[in-house]
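K.L.:
Now for the letters of each chain:
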Amino acid sequence: MEPIEIGIVDTRNLLKLLLEEFQYDFNDYSLISLKRRFENSIQLHNMKFADILATRLKEDKSFFDLFLHEISVESTEMFRDPSLWRLLRDEFFPAQIIPGRPFHIWIPSCVSGDELFTLGIVLHECGLADQVSITAGYLSDASLAYIQSGALKLNKMEISTENYKRYQGKHVFADYFQGQGANQTRRMDLLKNLKYLKHNLSLEEVPKGVDLVIFRNRMIYYNQNFSDKISAIIWETLNPAGHLIVGIKELVLPSNVAKTFRLVNENESIYQKK
Amino acid sequence: MKMKVFIRKNDCMYRAVMIGGSAGSFQVVIKILSSLPRNYPLPVFLSMHRLKHVRSGFVEALSIKSAIPVSEPFDKEQIKPGKAYLAPANYHMYIDLGNRFSLSTEPPVNHSRPSIDLSFSTAAMAYRSKLVGVILSGANKDGALGLKKVKEQGGLCIVQDPKVCDVSTMTEAALQATQVDHVFNVDQIVNFLIKLS
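Keeping their order, the protein sequence lines are chains A and B.
If you read the first sequence in our numbering, its first letter stands for residue 1, the second for the next number, and so on.
If you read the second sequence in our numbering, its first letter stands for residue 275, the second for the next number, and so on.
Don't read these hints as lab results, they were simulated from the structure.
This structure is a prediction, so every number in the text was calculated from the model and none was measured.
One thing to keep in mind: the hints can contain errors.
BS3-like cross-link-like pairs, simulated, lysine-lysine; straight-line CA separation at most 25 Å [unchecked claim]: (1) B/469 x B/339; (2) B/326 x B/437; (3) B/415 x A/48; (4) B/415 x A/156; (5) A/170 x B/326; (6) A/156 x B/326.
Derived CB-CB ranges, DEER-like [as the list claims (entries may be wrong)]: (7) B/453 x A/7: 18 to 28 Å; (8) B/459 x A/241: 50 to 60 Å; (9) B/301 x A/200: 46 to 56 Å; (10) B/437 x A/158: 45 to 55 Å; (11) A/224 x B/413: 29 to 39 Å; (12) B/345 x A/241: 23 to 33 Å; (13) B/331 x A/59: 22 to 32 Å.
Glycine included, C-beta positions come from ideal geometry on N, C-alpha and C.
Let the hints inform the model, and build the full structure from the sequences given.
P.N.:
As structure tokens, this is what we get:
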């Protein structure tokens, strides 16, 4: 069976509907990915056509939240880019987290919780979890429920386990999970001082006094103007000399002279507030 | 000199070359990149299956032999002629409108990220009839659907002759999916791409 494909006109009509009915403006999102995400939702519900999706959105308002979750792109696995997490555990956190001073990490836009739980393990393994508070942002209640369930898709388990070895984990990866096989879940109690924060597309709700923002492979779904706008918002939430980590193949361009970052680690895409 | 480049650009029927294959077609890609002239007028995209966790090494190995610069593009990077671009590990590489790359971490397609199908079909949308698509040796059917999209948009489709492939699954699937323009051995592919310059 060939995958479902919708046209550019269908995609634009859905964008218009989301703006008019729900005041969610996706016009600054990459059209190619968005089109694929809409197709994903259509396929998941056996709807076949964009029109059926549009009708469902209009007539069943409770569907919208689930739809937001389905069109959001999950992180691919746990410990993606193992060398980054090793650097955080062995060098970055021990240097940045000063005894007696709280340290605040913000992960905007969690969808599947892979980066969040990876961070929990890293903090646990460097013995600094008690000193750190985490704010995890989410777009839809369905995403929050998924993250809180502690589920990790079976198809991500193999690569995550391999990554954990490359990160040179201090324990056995399976020990961070409870239950067996398909019922295996993350030990979410590992995440100390965690707050969830619901936000909209423009990140209007932000935490205050942040020392580190982990925002990897999210701005690849934005156009350049919107990326610039969001990085300015992140800049404002950061404490002086705070850090921002983006994806390996993302660049934070110096578009706003007053709110710029400097690249402090090129291999792992770590930026620092200027 | 500038004038000459300008005329060449206009003379060429095509605006980009997209090549797909698995890691096993590495030697063929080396042969192609080392044979192209230094002032090659088109961008060459390489969507190759590769290990998800190995970030470095691949582009460096290609660069040693290539006559044109090879890099793994950043998201939103502008596409330039005369350069080869390798899809980065664990990302899908899309050709976006506005002559730019767009990277994605969406789920694998045909167990692959980068997915050859996605690179080819987005390039087909961006370049339409001005694209040359080449499918090389590979171990799964990824690329077949993408090459079909290239054909549907009026682009030119080349498949490496399955008889000379190390693994012929990918090329045979591509030949089944669409009526291709040429079935070539490696030297024929190289010569054809050189003639575009």
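K.L.:
Next, verify each hint and record whether it holds.
P.N.:
Results for each hint:
1. B/469 x B/339: Status holds; Cα separation ~20 Å.
2. B/326 x B/437: 29 Å, violated
3. B/415 x A/48: Given that 25 Å is the threshold and the Cα spacing comes to 24 Å, the pair holds.
4. B/415 x A/156: The hint holds at about 22 Å.
5. A/170 x B/326: 23 Å, holds
6. A/156 x B/326: Distance of about 12 Å is within 25 Å: holds.
7. B/453 x A/7: 18 to 28 Å: This hint holds: roughly 24 Å between Cβ atoms.
8. B/459 x A/241: 50 to 60 Å: 59 Å, holds
9. B/301 x A/200: 46 to 56 Å: Check passed, 50 Å falls within 46 to 56 Å.
10. B/437 x A/158: 45 to 55 Å: 35 Å, violated
11. A/224 x B/413: 29 to 39 Å: 37 Å, holds
12. B/345 x A/241: 23 to 33 Å: 31 Å, holds
13. B/331 x A/59: 22 to 32 Å: Given range 22 to 32 Å: violated, Cβ gap about 53 Å.
Going through the hint list in order, the structure does not satisfy hints 2, 10, 13.
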